[in-house]
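Colleague: Take the two lone chains and join them into the complex the hints point to.
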Amino acid sequence: MQYLKRVKSRTPESVELEFTLAGIGSRALALLIDYMLWMVILMVLLTAFAFLDYLVAKIDGAGKWIISIQFLMFFVVYIGYFIFFETLWQGQTPGKRYAKIRVIRDDGRNPGLQQAIMRSLLRTFDDILSLGVLLILFTKQEKRLGDLVAGTIVIQEAQNTTQEISIDPAAQELADALAETGRLAVLTPDEFATLRRYLQRYPTLSKQAQITVSNNLHQEILAITKLYPKTEKPNHHLFLQAVYLVCLQQFGG
Amino acid sequence: MRKSASDPMGTLSVGNVINAAVALYKSNFRDFFALALRSMSWVLLALVGLVPVVGVAIAINNIGVTVLAGVAWLALLLFCSAKAMTNRGVVARMAYQQLINQKETLESASSQLANSHWKFLGLALWLGLFVIGVGILSYLILAIGVGIGVALAMSLNNILGYILAAIFSIAGFVAFLWIFLRFYSDWFVAELPIAVERCPNGLDAIGRSRQLSAPFSSRILMIILVAFLIVLPLSIVANIPGIAGIGQPPTSPAYLISQAVNLALSLLLELFLMPFWQVIKSVVYFDLRSRLEGADLKM
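Going line by line, the protein sequences match chains A and B.
Start counting the first sequence at 1; every next residue gets the next number (the working numbering).
Start counting the second sequence at 1; every next residue gets the next number (the working numbering).
Only chain B is shown next, with the shape it has when bound in the complex (with noise of 0.2 angstroms):
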C-alpha cells in the first residue's frame, strides 16, 4: 500500500497521550507561560485586595463597614478566580485547536473566550459543590467499613474478629479511594467543554465530561499517575525549603524565609505546571472524542 506523507493521529496510548501533550507544550512555551502569569496575576490581585479591605475593617471597627468589605473582597476574589480560570480555559483551547488541525493565536483564543468567564466559575463552583458531596459520601463509606470492623473486633475479641476488622476497614478504604479517584477521572477534562463546544454553562460541562470519561476512567487515572509521576520529583525540590525549616520556632527568622522560599519556588513551578496539565487534559478530551465520537474521522 502507499503510505501517506501525513500520518493523522488515531487513538493515543496512555503514553502517547502525555507525548503529545509534552510536544504541544514545548512547542507553544511563550504563548502558554505568558496565559499561566496571567492567571496567577488574576489570583494574585486577588489577595493583594485583601489588604485593604483589612485595614478598612480595622481602621473603621465597625461591624457593618467589616460585613460590607468583605462581601466587596468576595466579589473582587470570584472575579479574579473567574479570571484566570479563563486564561487556563485558553491554555487548554490553544492545545485542543492545534490537536484538530485548526492553531489559534492567543489572541484569537481569548477573544474567543472572552465571554466565558462565568461559566468557567459556575464549573469551579459546581464542581466544589459535588467535591463536598462525594467527599462526605466517601468518608462515610470509609466510616461504616471501619465501625463494621471494629464493632466485630470488640464483640468477638478474638483472632477471627481482628481478621474481619482488617477484612472491613480495608473494604472501606478501598470503596473511598474508588469513589473519589472514579469521580475525579469523570471530571477531569469539564473545562473543555466550555473551552472549545460553547457548553451553555457548567453543569452541562460536567454532564458532558462525566459522558465522555465514564468508559476510559481507568486510563485517565493512570495518564494522571503517569503525569504525576514526571513532576513528582520536581514538586519534591519546590518543597524542600519548607521541611528544612520544619523544627525552628514559628516566628524566628529562619523559619519565615524557609516558609518563603517555599512559596515562592511553589508559585513557579506552578506557572511551569499549569499548562502542562492544562494540554494533557486536552489531548485526553482529544483522545476520547475521538475514541467515542469519532470526531478524527473526516476526509
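Pulled out of the complex, with its shape left as it was, chain A reads as follows (with noise of 0.2 angstroms):
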C-alpha cells in the first residue's frame, strides 16, 4: 500500500520534479532529536551565565546589562537554532539530517533565510495545542503554519539503496551455466528486485530465516523458469547469488 504521500513540483526552469513528504513520524523524530540538542545547548548557555553572574557580582552597574546581554543571546538562540542550520545546511538541521528529511520551496529550490525565520518563528504557533500536527496530519501537503506562510515542503530524501552485496566467488561458474540454458529471462525486474533485497538483508537476516527464505526463493525461481536442480543437495543462496548476476547482466544495476 501507498504509505507516503508523493508530491509534484515545477521548477523556475519549468522542470517537474516528484517528492515524497516526510510524513508526521519523520517530522517527529526529527524534532525530538533537536529539541534534545537544543536543550543541550540552552543548558551549557544558562550554566555560562550563571558563572558569568557570579564573577560580574561584584562590579557596581554591570548587572543590567549582563541580563540584557543574556536575553537576547538566549532569544537568539531559542529562534536562531532552526534558522541557522535550515539556511547553511541546505533545509536540514541535525534532527532533520538523522531522520533524512529537508525542507525545500515549493518549487524545490533550497530554503533561503527568508523561508527558515518564517518556519522559525511560527514554530512557536505550531506547537500550541499541537496545531502543526493536526495540520501535518489532515493537509494534503503536510503543511504547518511555518510551511503555509514560507511557501515550504518537508520531504524525504532520496534513499541510498547502493548497500554492498557480497557475491562468492563460486557462483560466477554457477552463473554461467545459468546463463546458457536462457531460462532466466522470463524474470520480471519486481522479482529482480526482491533478489536484490534478499541479497542485501541476507547478513541480518537469523539463521533459521536464512536457511528458509533462500530455499523459498529457490523454488520459487525454479517453479517460474521451469528450471530442474542438478545436485541433490543445492546450495540455495549459492543459487540465488548466480541468479542474481545473471539478472545483473539482464537488468543493469
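No wet-lab data here; the hints were simulated from the structure.
Cβ atoms here follow ideal geometry from the backbone N, Cα and C, with glycine treated the same way.
Among these hints, one or two may not hold up.
Cβ-Cβ distance ranges computed for the label pairs, FRET-style [unchecked claim]:
| no. | chain 1 | residue 1 | chain 2 | residue 2 | range |
| --- | --- | --- | --- | --- | --- |
| 1 | A | Gln2 | B | Gly55 | 32 to 40 angstroms |
| 2 | A | Lys207 | B | Phe272 | 20 to 28 angstroms |
| 3 | A | Tyr78 | B | Ala114 | 32 to 40 angstroms |
| 4 | B | Ala214 | A | Glu164 | 24 to 32 angstroms |
Residues of chain B clear of chain A, computed beta-carbon distances all greater than 10 angstroms [what the hints assert, rightly or not]:
| no. | residue |
| --- | --- |
| 5 | Gly64 |
| 6 | Ala69 |
| 7 | Gly122 |
| 8 | Leu127 |
| 9 | Ile257 |
| 10 | Lys298 |
Under the rule of at most 20 angstroms between Cα atoms (straight-line distance), these lysine to aspartate or glutamate pairs were calculated in the EDC-like manner [unchecked claim]:
| no. | chain 1 | residue 1 | chain 2 | residue 2 |
| --- | --- | --- | --- | --- |
| 11 | A | Lys207 | B | Glu293 |
| 12 | B | Lys298 | A | Glu220 |
| 13 | A | Lys140 | A | Glu16 |
| 14 | B | Lys298 | A | Asp190 |
| 15 | A | Lys226 | A | Asp190 |
| 16 | A | Lys233 | A | Glu173 |
| 17 | B | Lys83 | B | Glu270 |
| 18 | B | Lys26 | A | Glu142 |
| 19 | A | Lys8 | A | Glu173 |
| 20 | A | Lys143 | A | Asp106 |
| 21 | B | Lys103 | B | Asp31 |
| 22 | A | Lys143 | A | Glu164 |
Modeller: Structure representation (C-alpha cells):
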C-alpha cells in the first residue's frame, strides 16, 4: 500500500520534480532530536551565564547589562537554532539529517534565510495545542503554519539503496551455466528487485530465516523458470547469487 | 534499470513506521473506530455490572452472598476484558493483513479471532504477572543502589561520600529504567502472534514477541517515544479540566464536574488513540518480521 504522500513541484525552469513527503513520523523524530540538542545548548548557555553572573556580581551597574545581553543571547539561540541550520545546511537541522528529511521551497529550491526565519518564528504557534501536528496530519501537502507562510514543504531524502552485496566467487561459474540455459529471461524486474533485497539483507536475517528464505526463493525461481536442480542437495544461497549475477547482466545495476 | 511500478515495502525507518501506521489508520478509520467503540463498551459493561453486585451486597448484608456476588462480578470482568482485548486484536490483525497485501474485512478479521478471547486474556494475565516481577526486581535494584549510596555518604561523611552516594543512586536509577524499558519493548508486540499467527497461548506469544524484539529494543523504544510525542499534546488537553479542579474541596460541584469532564475527555481520547497504538504495533511487528525473518522476501 502507498503509505507516503508524494507531491509534484515545478521548478522556475519548468522542470517537474516528484518528491516524497516526510510524514508526521519522520518530522516528529527530527523534532525530538533537535529539541534534545537545543535543550543541551540552552543548558550550557544558562550554566555559563550563571557562572558569569557570579563573577561580575561585585561590579556595580554591570548586572542590568549582563541580564539584557543574556536575554538577547537566549532569544537568539531559541529562534536561531533552526534558522542557522536550515539556511546553512540546505534545509536540514541535525534532527532532520538524522531522520533523513529536508525542507525545500514549493518550487524545489533550497530554503533561504527568509523561509527559515518564517518557519522558525511560527514554530511556537505550531507547537501550541499541537496545531502543527494536526495540520501535517490533515492537509494535502503536510504543511504546518510555518510551511504555509514560508511556502515550503518537508520531504524525504532519496534513499541510498546501493548497499553492498557480497557475492561468493563460486557463484560466477554457476551463473555462466544458468545464463546458457536462457531460462532466466522470464524473470521480471520486480522479481530481480526482490532478489536484490534478499542479498542485501541476507547477513542480518536470523540463521533459521537464512535457510528458509533462501530455500523458498530458490523453489519459487525454479517454478517460474521451469529449471530443474542438478544436484541432490543444492546450495540455495549460492544459486540465488548466481541468478542475481545473470539478472544483473539483463537489467543492469 | 527499469523501475518497478509498485514499490514493495522493505524495512522501515523509525519515522516511516509511524508514517505507515498513520496512513493505515486514516484509510481504515471507520472500521477501527467501530472496533474501539466495541472494545470500550465491553469495559464499560464490566463497570456497570458492578452496580447490581454492590446493590445486592448491601441489600442482603450476608458475607456468603457478598462473596458470591464478588466472584460473579470477577467472572464478568474477565469475560468483558477478554472481549475488549479481542477487539483490540482485530484492529492489529486488520492492519497487519493490509501490510502483507491480504486485506480482510472487519467481519472476516473478527471471525478469524472469534475463538481467541481466552488467549488474549491469558496473555494479559501473564503480562500482568511479569510486570509485577520485573517491577519488584527493578525497584530492588534501585533500592540497592540508593542504599549503598546513602550508607557510603553516612559512613564517610565528607564530600567524597556525597559524590559516591550520587553516583550509586544514579546508577541504580539508570539500571531500574533500563530493565523496565527493555522488558516493555520486548513485550510491545505480544498481541500480534495471537492476532495474526495462531499462536497457541499467551506465554508463547510473549516468547515470540521477545524473540523478535530483543535485537531491536532501542529502535522499538524510539518508535514508542516518537509516537508518544505526537499524541502528548492531546493527552495534555484532555487532562486540563482535571488539573483545573485541583484545589477545590473534593465534594464541591466544581470539583466533581471537572473530574467528570476530565473522565469523559480521557475516554474519548482513548477511543481515538487505541487504534493508533494497535496499528503501530502491527507495523512494528511487520517490520521486525521483515528484518529478522525476511517475511516480505517473496517473488
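Colleague: Taking the hints in turn, state whether each one holds.
Modeller: How the hints compare with the structure:
no.	hint	verdict
1	Gln2/A - Gly55/B: 32 to 40 angstroms	violated, 54 angstroms
2	Lys207/A - Phe272/B: 20 to 28 angstroms	violated, 42 angstroms
3	Tyr78/A - Ala114/B: 32 to 40 angstroms	violated, 56 angstroms
4	Ala214/B - Glu164/A: 24 to 32 angstroms	holds, 26 angstroms
5	Gly64	holds, 54 angstroms
6	Ala69	holds, 45 angstroms
7	Gly122	holds, 26 angstroms
8	Leu127	holds, 24 angstroms
9	Ile257	holds, 22 angstroms
10	Lys298	violated, 7 angstroms
11	Lys207/A - Glu293/B	holds, 9 angstroms
12	Lys298/B - Glu220/A	holds, 8 angstroms
13	Lys140/A - Glu16/A	holds, 18 angstroms
14	Lys298/B - Asp190/A	holds, 10 angstroms
15	Lys226/A - Asp190/A	holds, 18 angstroms
16	Lys233/A - Glu173/A	holds, 18 angstroms
17	Lys83/B - Glu270/B	holds, 17 angstroms
18	Lys26/B - Glu142/A	holds, 14 angstroms
19	Lys8/A - Glu173/A	violated, 46 angstroms
20	Lys143/A - Asp106/A	holds, 11 angstroms
21	Lys103/B - Asp31/B	holds, 13 angstroms
22	Lys143/A - Glu164/A	violated, 36 angstroms
Consistency with the previously given hints fails for numbers 1, 2, 3, 10, 19, 22, ordered from lowest to highest.
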